[in-house]
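K.L.:
Given chain A, work out where chain B should sit, using these hints.
So the protein lines, in turn, are chains A and B. Take 1 as the starting number for the first sequence in this note's numbering and just add one per residue. Take 495 as the starting number for the second sequence in this note's numbering and just add one per residue.
Think of the hints as simulated: they come from the structure by calculation, not from any bench. Each hint should be verified, as a subset may be incorrect.
[What the hints assert, rightly or not] Dumping the calculated DSSO-like pairs for lysine-lysine here, alpha-carbon to alpha-carbon at most 27 Å:
| id | chain 1 | residue 1 | chain 2 | residue 2 |
| --- | --- | --- | --- | --- |
| 1 | B | K611 | A | K230 |
| 2 | A | K232 | B | K724 |
| 3 | B | K695 | B | K739 |
| 4 | B | K611 | A | K313 |
| 5 | B | K724 | B | K807 |
| 6 | B | K782 | B | K844 |
| 7 | B | K726 | A | K117 |
| 8 | B | K817 | A | K117 |
| 9 | A | K245 | A | K213 |
| 10 | B | K968 | B | K726 |
[What the hints assert, rightly or not] Computed spacing ranges between beta-carbons, pair by pair:
| id | chain 1 | residue 1 | chain 2 | residue 2 | range |
| --- | --- | --- | --- | --- | --- |
| 11 | A | H455 | B | P727 | 36 to 42 Å |
| 12 | B | K784 | A | S320 | 53 to 59 Å |
| 13 | A | S320 | B | R607 | 21 to 27 Å |
| 14 | A | S469 | B | S624 | 33 to 39 Å |
| 15 | B | A609 | A | K171 | 41 to 47 Å |
| 16 | A | K142 | B | G909 | 50 to 56 Å |
| 17 | A | K171 | B | E676 | 52 to 58 Å |
| 18 | A | S333 | B | A631 | 39 to 45 Å |
| 19 | B | N810 | A | H455 | 52 to 58 Å |
| 20 | B | P799 | A | P144 | 55 to 61 Å |
[Said to hold, decoys possible] Some chain B residues near chain A, calculated using beta-carbon distances under 8 Å:
| id | residue |
| --- | --- |
| 21 | V615 |
| 22 | V616 |
| 23 | I618 |
| 24 | N718 |
| 25 | M721 |
| 26 | N722 |
| 27 | Q725 |
| 28 | K726 |
| 29 | S818 |
| 30 | V822 |
| 31 | S825 |
Note that the Cβ used here is the ideal one computed from N, Cα and C, for glycine as well.
Protein chains: 2
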Amino acid sequence: MSQSNENISSVDIQTTIIQTGNGDHTAVTFAQETDIQNGDHEPNDVPESEVPEPDSDDDPQSSTNHGTAARKNFQKKRGHRRVTNAGEVTYKKIVSSQLMNSIQMGLHHAIGRQANKPEEVVLIQDFYESDTIFFPANGSEKTPAHKYTDFKFKVHSPDGLRHFRNLYDIKQDEYLISLCNEPMIELSNPGASGSIFYLSKDGMYFVKTVQQKEAVFLQQLLPNYYMNLKQKPNTLLPKFSGLYKYKCNTKNIRIIVMHNVFPSDIEIHQKYDLKGSTYKRKASDKEKAKKDPTYKDLDFLDQHPEGLTLDSKRFNELMSQIKSDCRVLESYSIMDYSLLLGIHNVDKAKRKPDKKTMRSVSVTCKSTNNPDKKDNNRSSIYHSHPNILEVDQSTKWEKETQVPEGSIPGYNAAGDRVLIFIAIIDILQSYRIKKKLEHTFKSLMTDGDTVSVHHPQFYRERFIHFMESSVFKKIPLRVIRSPTQRKKSMKRKK
Amino acid sequence: MSQSNENISSVDIQTTIIQTGNGDHTAVTFAQETDIQNGDHEPNDVPESEVPEPDSDDDPQSSTNHGTAARKNFQKKRGHRRVTNAGEVTYKKIVSSQLMNSIQMGLHHAIGRQANKPEEVVLIQDFYESDTIFFPANGSEKTPAHKYTDFKFKVHSPDGLRHFRNLYDIKQDEYLISLCNEPMIELSNPGASGSIFYLSKDGMYFVKTVQQKEAVFLQQLLPNYYMNLKQKPNTLLPKFSGLYKYKCNTKNIRIIVMHNVFPSDIEIHQKYDLKGSTYKRKASDKEKAKKDPTYKDLDFLDQHPEGLTLDSKRFNELMSQIKSDCRVLESYSIMDYSLLLGIHNVDKAKRKPDKKTMRSVSVTCKSTNNPDKKDNNRSSIYHSHPNILEVDQSTKWEKETQVPEGSIPGYNAAGDRVLIFIAIIDILQSYRIKKKLEHTFKSLMTDGDTVSVHHPQFYRERFIHFMESSVFKKIPLRVIRSPTQRKKSMKRKK
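This is chain A alone, in the form it adopts within the complex (with noise of 0.2 Å):
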């Protein structure tokens, strides 16, 4: 069971870079080396309901060879991901530089053949059509020569994608740029599911290998992911912006591109992975050794039993948005999603600024109507939350400090303010979690309602009341002191 909750979070971006992504390593065909167990071998032409790739993920082991030097082996395989002897990462047995540097290619290429073509209503087969563009080494009339085996770059729902950008109100141009320009920074931790994590050199986005089912899910959902977001513009669910399948030789990589929840000038002081259960939800000691450890369930009641506080009305539409997109999950039988929860304690980081390395931006500087390229970008992306941030009501400090956009302003139990960043993340899984249910059946029947891994309607249920008793408290009724009489008190103290 705790397997699976040591998935990485989606976000953790404060990992050592192991690559440069300059694209050193030469290609290598691997043609004769297709591994039908770990689902490498695919067909060309067949329909991907029919290539079923099994998933070795809840298991590492099943991955791995037998014996002890398999077991040896055991930290450097998991998923479809290695790490060679030399320190190298591979991906179902792809180099991972050569991996980046073809999905680039790929993007940049099919990002800029789109920007020419006019935009039409875009209809619900639009999100099955795909666009398929071959890349062979020697270039083409449209494409570059390049270093690497030949390949085919995918891309799913372009027309459908193409307008999710447009509501996330992306510049087709700046999505280019964000993913294109520079080397894309590949994230040292893996997670249990062996995907291979970049992030766009901006921190703007980031580009994740999938599953097939994990893909196919995806382009499922969409319709009613546009239906949602339509209906409800703040909703929390992950933003995803593209679906792409990188091809060589007989190995299929899916890509997905999305949003980056955190801001990558803001430094996040506490990291939350919460899904309701308190079973086994602690991070590790491992975890807890690191940089920026993510934390769970147990651990925020450890360390916020007050939660965090929220002024009546964003508490109000906070709730009201998680449980409108927790139906959206639920109506597809999803569960295992975690609400992921970043702290920026404002007050903190004036009394310690520029700790880190990073650039630790001051909130109180910060103008939402920045004229900054940057924060224009910025903005776009976190325009989920406009009317959290519209609707203050209460003590009126985010007011003079400008929050950024995208982010919620509260209090944490020491009234110190804090700045919120959230989102709904890892949704894809549901699959694999419903093989994990057999597995898990018997510390079911056990464990009772502790256990993360339940029935749909129980795990929304059971999540919702978690955020909305737990994590976020209404503002009391007291009157929150000002930030000059909390310094006199903290002076009193001393």
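P.N.:
The following block gives chain B in isolation, referenced to the frame of chain A:
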């Protein structure tokens, strides 16, 4: 072929009212009189798709008995609609007054019940949901007693279509009042389809019987209808606001509710049903003899050889909208739709005010900001062209005269100011057309592209071409004469 061209325009509102709808007729049980040939016999609880309802609309004679007596009866039976010797209209042998009263009972209960239900995010699957209410003659805890046979009333997509009504700015209580507070008006002209048409007393909505396949087709259309409406709010497609099924014994009668395109308080001087074809597209002498005939393509070319003139921005937006709507229709292989076009001649109305018994409001006096409740209703229904209304670039007569919402101001060739009311109608009959196609394969071969029933892409292209080259024209560079100048010119001619 000409048969298909004689379909009633669904807005043919100036017809004789043949039944007051006061519900004076008592119910008759037809359980023993099922007519399998006419698709009347549908067993309970069998999925709709398994119960094809033979289509007797194409050839009215097919549903009558052969022989002289039957032939004499031809005018009195079309599709499922019959007129008895006593002049009583029935549909599937249900007396029209019983049908109308039962529908109003069903609507009253369904809309009222839904008023208490909170609005959640509508997802694709909600378009396929339904609610059924049973109305026993003796009444029940929730339903009133009535003098008719027990019946069931099924509401298709209650949440989905409520969401549509919200998008159309229809208040639920006003919808209820429009449809249920007074008996509806039954229109006497059933057209080739043999449907029963009711018009709500306030002229806002049409209630129309449809065949099973049309109802199923509408349900399939709804998700993309939503997509189109959200992306192109000025859509000209019919505004469907309800889909219901009345079930009495073994008879299933499906009905749709849709908006009336034409205002009830502004005189429509000319009315056209345009398909972009010229083959036999001429109103019959019988049609022309009517008080308010619906003319066709050839009549339009004859009466408006120079078309109707719009300012260029409005022209471009209208064409863009027609193209977008037609693209949606083509994606469903829909053909044989029409542009319903109504012309109110502002100058003619001024010259001959109050000519008709109907309330002929002078457009120059009508304010779009009229606080009168009825006009508010009107404006919400006719909100479909707000952009079109906002873009006036050319001569600004409409600014002075306060154009009613939903109408498009322009000029005819004589220089008269006109208000144009348009919609794309008859979009649910797609499957019937396929049948016709087989029957008319030969005529297609010989008549080439002038036949109105053709391949969907061809149909769309020809339709659009006709609208943008023959029906609507961009305002020419020469300055349109002002009304004063025109008056002078007219005097001179005299």
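K.L.:
List, from low to high, the hint numbers that the structure doesn't satisfy.
P.N.:
none
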